[in-house]
Amino acid sequence: MFSVALLLLGAGSCVKCEQLTQPASISVQPGQTLTISCQVSYSVTSYDTNWIRQPAGKALEWMGVIWSWGSKDYASSVQGRIEITRDANKNIVYLRLSTMKPEESAMYYCARETQ
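In mature numbering (1 follows the signal peptide of the UniProt record, and there is no 0), the protein residues as written are -17 to -1, 1 to 98.
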């Protein structure tokens, strides 16, 4: 067994932005479940929050969204293995992805919809 390294980045400095804070990196074994939290500076009940990933050398891939009103939509490529949840009191959005595969080693981002 080998570990799958998952590097994550939060938003940096910008003129007009929201702060999103994620862990620096996470490692999971293939077959295990990945859980990532994203602490945000906006109200998660006012804006939609997406999860996106980018494997090394590949394009960005949209994984799913939790809408401001609480409904969720997921990409067909991860359907059945993904769950996006949130804690509205703490403004934290969570990504849970089960049965991880080595090819899913990537940069994982949370991103707020512009409105």
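It is worth saying that the hints were derived from the structure and are not from the lab.
Note that the Cβ used here is the ideal one computed from N, Cα and C, for glycine as well.
Please note: incorrect hints may appear among the correct ones.
Stated by the list, open to error - Using C-beta positions, here's what the derived DEER-type ranges look like:
1. Asn72 x Ala42: 16 to 26 Å
2. Lys55 x Gln15: 30 to 40 Å
3. Ser81 x Leu43: 28 to 38 Å
4. Ile9 x Lys41: 17 to 27 Å
5. Trp52 x Lys73: 28 to 38 Å
6. Glu96 x Lys73: 12 to 22 Å
7. Arg79 x Ala7: 13 to 23 Å
8. Pro85 x Ser24: 28 to 38 Å
| Violated hints - listed by number, lowest first | 1, 2, 3, 5
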